[in-house]
Amino acid sequence: MIKHMHAMKCEKFVVNAAGRRVPTIVNGQKMVPFKGIGKYKPSGRKYAPPIPSCLDYPSNGDKTVHSLEEALKRCGLKNGMTISTHHHLRDGDLVSNLIFDIANANGIKDLTWVPSASFPCNEPLIKYLEDGTIHHIEGSMNGALGKHTSYGGMKGCAILRSHGGRVQAIQDGEVKIDIAVIAAPSADCFGNATGAEGDSACGVLGYSLVDMMYADKVIVVTDNLIPFPCMPFQIQGNYVDYVVVVDKIGIPEKIVSGTTQVTKSPDRLLLAQWTAQFCAEAGLLRDGIGIQTGAGGTSLSVGLHFHEQLKNNGWKARFGFGGSTQYMVKMLEDGVMDYILDAQAFDLEAVRSVRENKNHIDLSVYQSYNFHSKGNYTSLIDIVILGATELDTNFNGNVVTHSDGLLLHGIGGWQNCLHAKCTILPIPLFRDRIPVIVDQLTTLCGPGELIDVVVTERGIAINPLRTDLMDKMRGSSLPIVSMQELKAQADAICGIPDKAPISDKDEDTVAIIKWVDGTVLDTVRKVLV
Amino acid sequence: MKTFATAGNKGKGVRSDCFISLELTSQGGMEINITSKVKALFGKQIEKEIKGILDYFHINHAKVDVEDSGAIPLVIAARMEACIKQLIQTDKEYLLPFLQANAYTTNKEKHRFTRLYLPGNTPSLAINAGIHQPDAIILDLEDAVAYEKKYEARFMVRNALRGIDFYNAERMVRINQIPNGLEDLKYIIPHNVNLILVPKCEGADQIKLLNEHIEELKKQHSISHDIWLMPIIESALGVMKAFDIATAAPNVVALAIGLEDYTADLGVKRTAEGSESFFARSVLVNACRAAGIQAIDSVFSDVSDMEALKNNVLRSKALGFDGMGCIHPRQIKVIKESFAPESDEIEKAMKIINAYMIAKENGLGVVSLGTKMIDAPVVKRAERTLQLAITMGKLSPQWREGFLNNVVN
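Chains as they are written, first to last, in my numbering: chain A, 1 to 529; chain B, 1001 to 1409.
These are computed hints drawn from the structure, not numbers from a lab.
Hints are all accurate, no fakes.
Simulated crosslink set (BS3-like; lysine-lysine; CA at most 30 Å straight-line):
no., chain 1, residue 1, chain 2, residue 2
1, B, K1012, A, K254
2, B, K1110, B, K1208
3, A, K472, A, K311
4, A, K330, B, K1333
5, A, K147, B, K1012
6, A, K147, B, K1048
7, B, K1037, A, K155
8, A, K264, B, K1039
9, A, K264, B, K1037
10, B, K1044, A, K499
11, B, K1085, B, K1039
12, B, K1208, B, K1108
13, A, K316, A, K330
14, A, K505, A, K127
15, A, K316, A, K421
Taking the hints into account, I'd like the entire structure generated from these sequences.
Shown next, in the form of structure tokens:
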């Protein structure tokens, strides 16, 4: 676990199957370069945590200790350890930063932080990246943390994975978690916990189930301790070492938005309308489908159109894939959807629904997204609506960096969802003056073979590999065009941007992008100032 | 002599625009400072563009501050030129190439169901306006532009007419009230404006005066096609003069009514159900029908209430109006659909045209449907209904195949 301390960030670069130059050693750890879609299968056995014994745990079931600091110390917190957290408390999270405050106060160095995602509230951690408390982050770097990383502010090399990729890496033993800290809106003293109840309720805890199972030590932190049993549980106390009670694990209004909102932008509404019309005309929308629409303003609007179309046709979606929102809950309650399968609840209505509706199912990311699994649910989804910061004319996509090189977003479930039967990206052709369709992606996050349809306000491009969709849309009133035509339109309006000031040196690699099978798809290089 | 000028917009919420401060100096060459969120990708190009414009106007020493929020080149050029022309006297114009896609003209009888108002000095709204497929866009130099921004807005509107693709929407400009509006003409007439909206019109003499200026400019720029006029009636006097105005010139293609100003003129409140303007609206429709031109209704100002908008349009259609202004792209679809022929109208028209085709195919001179004879104007109206239904996607162009099959079955 501490071998990265003296290693170079990235070494032994090769060109992978996607034509990108990537390291084969990162933070001292060996990596496999991307081999192509479906070309890499690992062998061996999954990782397993040490065998515990009831002898080491109180027979009365009371695992509470008086502070997080004590719990961390009892877990043996020391230099070079790997600490994981989840992002269910989103921008209202008060626990993640606290871990590193404690580590710093105790002089601990070179930690690896493995969050399932980071948020603007994690900006205070920049000081720990600077002083060496945190060596590097494996997860997502959003906003300020990402910017800091882009300018070379991280000692080690960041590793970005999809939600499914994170499960894969933990299960395959690529990331060995020493201590998992699971903030839980309700828990009992044994460590059983749920996200559905309590003042800090976030609905589900789907991202932390893998941490619970694979970490050496597991700490549950709650602000709502209830008498045993905390049932139905999402976190199982049999995996938990310590329970800590604090005043507040999160700021409720920042954990879930009161209401998620459909976009008001007329341009985005048009994208949504065209997307829905496309799905209807191509015969994608039908009785019994599975859909995922996400929580972005545009995709919510697509969801509303789906709701209306299903209802008008007397159809039902068999399942909707979370993150869930009030709009998806309405589909469930309106009888146009049988199940919500959910690893993440985005608003208060969604939290209520998880609590009350037996058909709103909390799910692990393992079931939905993990690629090293005996199948997963994403390939069963008929229509998935996604975004992108950049696309090239071969439909390859970027979701983590902007064209100026700054790393500002995580991969999230994006790579995983590309495996759905039809992936549709409603995106504006340019944002301010910056075109979305480029000759050369700043960062490759998803191979174009898996991206089927791009809907922009100036035309819809169908991936030429999808001859079936091409055939179905022949004669449509929708403006079906090629990616090249879309690019030409954007370039005519915006002009062609200059090359961004991004280093091309191997030693300036600040992050790598993993593919769902654990191979290295691309690198992110330092932005020069 | 004035040596400092500004133009453009900045601040929270401003997008696709820039704010430029120009100071003419006597020495030191060009000093250009750019702050921009797209600086990494376009900083050099912005600087080059600014330098090019200064060169064009022979300015060798100047300090320029550009606070950019993602403006496209034609916006930067409009802001820069507006700054320069506040400081130096010149007849030169800095014109970017005219987009060939914009070189179309429009017909007098063209449908004008939806006309999307765009504040003339807000480029972010203009760039994507055409994608919402209104029948027309209106670049507004009048009420949507603050008094102190009137000057710079003219450059913005001119550059928009030249360089923004509105995807075949009729290109309209609302000029300022006559006589101030006459000064607007030279920024729009040479740049293929299709139609000019004339606000607060109160008499045929205003139209005649306007046309004299238009003709003068057309001659100067060798423009031969028609430039249409749509006077807006916004006062009690205007209503009384409606027919005079409608027949003032052959290029008047429609009258529009502006109810905010009209109700203010009457000293009454504008209500949703609109009984206070019933007389004015009826007079306007009647004047237009008598003159053989289109009658266009006032805008509906609650952009969030689609149900109320729909009811409003249906009332408007029932009164005889041919279209309505839109102040938000969301209104376009509702207005279009409500003005579109209804299913029973289409059904009836299909029967009439089918009977007409059968008569033609059989070489019969008389068209009959059931026991009724059908006159030529009825056929013509039915044709128009079907054409409209087809353009609006309510009917397939091959409707007759299905229609015949249904009859056989």
